[in-house]
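*Asks:* When we follow my numbering, the leftmost residue of the sequence shown carries the number 412, and every step to the right adds one.
Honestly, the hints are just simulated from the structure, not real lab data.
Virtual Cβ for every residue (Gly too), placed ideally from N, Cα, C.
Errors might be hidden in some of the hints.
Stated by the list, open to error - Dumping the calculated BS3-like pairs for lysine-lysine here, alpha-carbon to alpha-carbon at most 27 angstroms: (1) LYS562 x LYS478; (2) LYS479 x LYS591; (3) LYS429 x LYS478; (4) LYS478 x LYS494; (5) LYS494 x LYS479; (6) LYS419 x LYS429; (7) LYS562 x LYS419; (8) LYS479 x LYS562; (9) LYS479 x LYS429; (10) LYS494 x LYS429; (11) LYS478 x LYS557; (12) LYS419 x LYS557.
Said to hold, decoys possible - Label-pair restraints from in silico Cβ distances: (13) GLU441 x ILE596: 17 to 25 angstroms; (14) THR587 x LYS562: 35 to 43 angstroms; (15) HIS519 x PRO488: 15 to 23 angstroms; (16) LEU563 x ARG456: 29 to 37 angstroms; (17) ILE414 x GLU445: 48 to 56 angstroms; (18) LYS562 x ARG456: 23 to 31 angstroms; (19) ALA583 x ILE521: 26 to 34 angstroms; (20) ALA558 x THR587: 30 to 38 angstroms; (21) TYR593 x ASN553: 32 to 40 angstroms.
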Amino acid sequence: MIINDVTKTIAARRSVRKYSPRPLRAEELETVLECGLLAPTGSNRQRWFVAAVQDPALLEEVGVLQKKVMLSMPGLPASMTEKMNAPDFSPTFGAPVLLIVCKQDGGHDIDACLLGENMVLAAESLGLGTCVLGSVTMALGNEEGKAFLRKLGVPEGYSVAFGISLGEPAEAPAATPREKKYIII
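Whole structure, please, built from the sequences with the hints as guidance.
*Replies:* Structure representation (structure tokens):
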């Protein structure tokens with residue numbers, strides 16, 4: 412592989428599940444969000460919306476919604492149920508920011524995914540950690556979740572694609588192996 416600043420950033424990115432309580436500086440958050448907006452989008456329609464949640468009360472509220480949905484999943488292993496019921500468990504892993512990435516109804520998931528990947532890589536380049544959270548999609552897809560989105564100011568006609576926890580990492584996860592058998596040339 413050719414090594415340069417971009418490929419080093421891509422290779423260094425890990426899913427972080429433990430964060431420092433340090434709030435992000437405004438310029439860090441703005442840089443991550445601006446890099447998201449630089450992502451390619453079909454016909455430049457930009458059918459996305461991002462809500463950056465920093466308020467601890469709102470982070471707690473969305474965490475309660477996530478736990479509620481996750482605990483109602485059929486076949487959830489007892490170990491996961493125990494972990495989620497622990498008083499210190501946070502579905503966003505204690506990150507000081509949760510990015511809720513939405514796509515316009517009728518739009519393509521790919522645009523939101525590209526926006527998210529740009530933000531994840533920008534965060535890595537700034538020394539920040541991220542973790543993509545599918546549980547946010549489930550937690551905010553019902554009526555209670557939609558009310559939460561309205562409270563945040565997410566416009567009508569948008570649904571959640573995924574969430575991204577964002578903050579200063581308090582861990583350095585090891586790389587997980589990637590299978591080259593999933594590529595054919």
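*Asks:* Taking the hints in turn, state whether each one holds.
*Replies:* For each hint, the structure was consulted:
1. LYS562 x LYS478: Answer holds: LYS562 to LYS478 is near 19 angstroms, not above 27 angstroms.
2. LYS479 x LYS591: 37 angstroms, violated
3. LYS429 x LYS478: The hint holds at about 17 angstroms.
4. LYS478 x LYS494: OK: LYS478 and LYS494 at ~11 angstroms, within 27 angstroms.
5. LYS494 x LYS479: 13 angstroms, holds
6. LYS419 x LYS429: Measuring from Cα to Cα gives roughly 22 angstroms; hence the hint holds.
7. LYS562 x LYS419: 39 angstroms, violated
8. LYS479 x LYS562: 19 angstroms, holds
9. LYS479 x LYS429: 21 angstroms, holds
10. LYS494 x LYS429: Status holds; Cα separation ~14 angstroms.
11. LYS478 x LYS557: Satisfied, since the Cα-Cα distance of roughly 16 angstroms is no more than 27 angstroms.
12. LYS419 x LYS557: 38 angstroms, violated
13. GLU441 x ILE596: 17 to 25 angstroms: 39 angstroms, violated
14. THR587 x LYS562: 35 to 43 angstroms: Given range 35 to 43 angstroms: holds, Cβ gap about 36 angstroms.
15. HIS519 x PRO488: 15 to 23 angstroms: 34 angstroms, violated
16. LEU563 x ARG456: 29 to 37 angstroms: With a Cβ separation near 22 angstroms, LEU563 and ARG456 fall outside 29 to 37 angstroms, so the hint is violated.
17. ILE414 x GLU445: 48 to 56 angstroms: For ILE414 and GLU445 the Cβ distance comes to about 26 angstroms; the hint is violated.
18. LYS562 x ARG456: 23 to 31 angstroms: The hint (23 to 31 angstroms, Cβ to Cβ) holds, given that LYS562 and ARG456 are roughly 26 angstroms apart.
19. ALA583 x ILE521: 26 to 34 angstroms: The hinted range 26 to 34 angstroms holds for ALA583 and ILE521, with Cβ atoms some 31 angstroms apart.
20. ALA558 x THR587: 30 to 38 angstroms: 37 angstroms, holds
21. TYR593 x ASN553: 32 to 40 angstroms: Holds: the Cβ-Cβ distance is about 34 angstroms, inside 32 to 40 angstroms.
Hints 2, 7, 12, 13, 15, 16 and 17, counting from the list given before, are not met by this structure.
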